[in-house]
Amino acid sequence: MSRNEKQVEDFLRRTKFDDSPNYKHRDELEQRLVATLADSPRRENSRWNLRRIVIETKTHKRLVAAVVLIAVFVGMGQISTGRVMFAKVTETAKTGLARLKEFLEKESLRIQESPKPLPPRPAGTTTMPGEDIQGVPTVMIVVQVFTANIKSNKKLAGFLDTQAIQFVQAQSDPNLVYPTPSFWAKLSAEKTEAFLQYTKSHSDLRRIVSPRLLVRSGQEAFIATGTWASRSFEGQAIAIVPTIHGEDGRIDLNFSFIYAEVIQQGFEIRNVQMGADETLLVRTAVQSPKSRSLIARIFGKREETLFVLLEVKIVPPKDPNNGSPVPNATK
Amino acid sequence: MMASDSSASLKTVGGSHVALDTSPIAQARCDSTAFVQLYRKYYDAIFRYCVHRLFDRHTAEDITSDVFLKAAQSIACFKGTNESQFRNWLYRIATNAVNDHLRKVNRRNDLYERYYEQTDEQSTTYDESAERDLTLLRQAMFSLRPKYQTVITLHFFENMKLIEVAEVIGCSPGTARSRLARALAKLRKRLTAAGYVP
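Protein chains in written order, with this note's numbering: chain A, 1 to 331; chain B, 1001 to 1198.
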């Protein structure tokens, strides 16, 4: 420190102000504050804390989101058979994500007040693996959504190359403003295992949600997943129609995906024949369309690569008499 | 300078742990009495900060009122958990309020006039040397950009450490240190130009 600087500091330190508080002003202001506080809405302490737990802890946030969405949306899949329609999925995403957000807010209060830590499954609408479904061939769907660090994509791309995973471009959703370039590939059991091992051993590919559900062959299942960040709500909606193909254990799969935040993006994959041990891996990028767009300015530019691993397995129906699987019901 | 941290306990609800925050900050969000207690605790500090920034008691009272009224309206949105964060939050509100005030058109000239009126009234309180120093300092400080005024006031008049200054102005301690160094260099030039002779 130079001599001049020291002199300035000394000058500042010895400067004296008349800064004694005016207690008349303090008391008057206190009265105004009391009136202001009486008029302004107050936040309940414990509710705020619980909300903070859900919002600010990634694990809790995803756990609550995943549990609630499965409870709410698995039952919505009992609709007619047929091709997955983008318009329907988009609408489901819009309304479903809004409902999910609303539900989470209500659940924050309910969890706080109720002795049960998690919301109950809607009666008669939700099925879990192992439960009997009236002897009808059923497909178990496991969806795993991963987010990839865009900066580490070289390492990930290298892994995909070494595994010789060949991606095919999926169709874009004509109903969405910003169709997303998306690619899919079928993985053998060995490649699936290698991919999952990679996700466990590398931090650049992070699993954000992994719901699973049962659906009858040929019927449509919806899954809506959401994460509730501090100021924004984002989510993915997935529609799947698995149809058991004859008795050879193959499954015809129609699959739609929509990433819904501010801008809705998505793609569709039709009539993919899945072998008994095969999985479907989808790679898609979700991002703001232009970094200078108004939406990007408001909500920040997003550039994220998502991987969706879809596993479908035929679940043999149970014998209604003894609960054991019916032999040769489906192969 | 740092206030005590919050106290929080865990309450078991349905097998899961729910944090039951009993800190004064958490209480202040839902209880006006708790907020008023915090107000009483921090009124003096914020008022003094405003005086040190504005060199004018009356304006400082107005700004202090604005600061606490804004805090009362926004306490529900305040995300901090302990009193240290609350105090920094108040200082941030005060800093923004003072800077907004200083940016107003012709405000600086008006402040000068009021200051001279005030110093005439207070001539019995300070000796001539102190009064001259205060006048010089005031002229020099107001010629600096608000961000430089802020770091000087927080560090020298509010006796904050650099790490605390950094928390208030929302930057790293290194940035606060370099900003303070620049501010002092500029202040020295202004003081010299205004006739300060050590």
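Simulated from the structure, these hints should not be mistaken for laboratory data. Keep in mind that the hints are not guaranteed to be accurate.
Claimed, not checked - Cβ-to-Cβ under 7 Å is the rule here; a few derived chain B residues that face chain A:
{"id": "1", "residue": "Y1039"}
{"id": "2", "residue": "Y1043"}
{"id": "3", "residue": "D1044"}
{"id": "4", "residue": "F1047"}
{"id": "5", "residue": "R1048"}
{"id": "6", "residue": "E1061"}
{"id": "7", "residue": "L1069"}
{"id": "8", "residue": "E1083"}
{"id": "9", "residue": "I1093"}
{"id": "10", "residue": "A1097"}
{"id": "11", "residue": "A1130"}
{"id": "12", "residue": "Q1139"}
{"id": "13", "residue": "F1156"}
{"id": "14", "residue": "L1162"}
As the list claims (entries may be wrong) - Take a look, some chain B residues computed to stay more than 10 Å from chain A by CB distance:
{"id": "15", "residue": "A1072"}
{"id": "16", "residue": "I1169"}
{"id": "17", "residue": "A1185"}
Small disclaimer: the values here were computed from a predicted structure and weren't measured. By construction, the Cβ of each residue, glycine as well, lies at the ideal position given by its N, Cα and C atoms.
Cross-check of the supplied hints:
no.: 1; hint: Y1039; verdict: 6 Å, holds
no.: 2; hint: Y1043; verdict: 5 Å, holds
no.: 3; hint: D1044; verdict: 5 Å, holds
no.: 4; hint: F1047; verdict: 5 Å, holds
no.: 5; hint: R1048; verdict: 4 Å, holds
no.: 6; hint: E1061; verdict: 5 Å, holds
no.: 7; hint: L1069; verdict: 6 Å, holds
no.: 8; hint: E1083; verdict: 16 Å, violated
no.: 9; hint: I1093; verdict: 14 Å, violated
no.: 10; hint: A1097; verdict: 14 Å, violated
no.: 11; hint: A1130; verdict: 6 Å, holds
no.: 12; hint: Q1139; verdict: 13 Å, violated
no.: 13; hint: F1156; verdict: 4 Å, holds
no.: 14; hint: L1162; verdict: 13 Å, violated
no.: 15; hint: A1072; verdict: 5 Å, violated
no.: 16; hint: I1169; verdict: 18 Å, holds
no.: 17; hint: A1185; verdict: 7 Å, violated
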